[in-house]
Amino acid sequence: GESVGLHLPTLSVQEGDNSIINCAYSNSASDYFIWYKQESGKGPQFIIDIRSNMDKRQGQRVTVLLNKTVKHLSLQIAATQPGDSAVYFCAETNQAGTALIFGKGTTLSVSS
Amino acid sequence: KAGVTQTPRYLIKTRGQQVTLSCSPISGHRSVSWYQQTPGQGLQFLFEYFSETQRNKGNFPGRFSGRQFSNSRSEMNVSTLELGDSALYLCASSSLEGGGETQYFGPGTRLLVL
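Same order as they appear, the protein sequences are chains A and B. The numbering of the first sequence is my numbering, which starts it at 1 and goes up by one. The numbering of the second sequence is my numbering, which starts it at 1 and goes up by one.
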């Protein structure tokens with residue numbers, strides 16, 4: 001079936017460290033992946049996306065890597081700041097392309 | 001552009017009642033999706049509308065329904081509320097017709113069923 005999961009429910013880092021959040025997906029037919037950040041009391045906020053014809057995409061302080069061979073997605077955050085503390089979700093589109101399938105989320109805690 | 005807005009932000013209902021939640025998408029966005037978020041089940045897809053037509057539906061009972069108006073605003077309705085319907089209900093909008101595009105979320109409506 002279609003499912004997206006994250007490897008670790010929590011990740012704790014020091015301010016200034018680089019963070020890596022991982023996600024495994026099961027549907028090899030998925031062709032669009034998104035990372036969202038959700039802060040307490042807010043809706044998910046778009047961070048970065050990647051299509052299946054790409055291996056890597058960079059944004060401001062964030063990089064998403066896609067390994068289709070092992071169906072693995074990762075989000076790298078450079079120089080992590082306390083404001084990056086949140087729950088991070090990976091999501092993939094279903095085959096119809098009209099719904100997002102979310103993983104369970106990784107809570108990132110950044111201490112200063 | 002203004003973001004996705006949802007009303008009300010908080011709601012308390014009792015079992016057996018019904019509730020209607022409203023969502024206004026980003027201006028120009030024609031696709032609206034609804035999700036339910038709970039601590040146990042995470043974020044789960046409810047349904048998606050485009051140009052007033054439901055294109056996709058998640059695995060929820062028929063008590064959950066929705067509709068979209070000609071101005072792309074959407075409502076979802078839950079009838080005969082159960083305790084397990086307590087959740088954060090999120091609406092997301094996207095711009096393109098074909099799907100597989102970025103969805104932008106509103107702040108959600110937090111529903112508590114007593």
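In short, the hints are calculated from the structure, not lab data. Treat each hint with caution, since some may be false.
[Claimed, not checked] If the Cβ cut is set under 10 Å, some of the chain B residues that face chain A in the computed set are:
1) L43
2) S51
3) F60
[Stated by the list, open to error] When the alpha-carbon atoms are kept at most 25 Å apart in a straight line, the in silico DSS-like pairs for lysine-lysine are as follows:
4) A:K71 with A:K42
5) B:K13 with A:K37
6) A:K42 with B:K13
7) B:K57 with A:K104
8) A:K37 with B:K1
The structure presented is a predicted model; accordingly, all values stated were derived computationally and were not measured. Backbone N, C-alpha and C define an ideal beta-carbon position, used for all residues, glycine too.
* Asked: So which of those numbered hints doesn't the model satisfy?
  -> Result: hints 2, 3, 4, 5 break, sorted rising.
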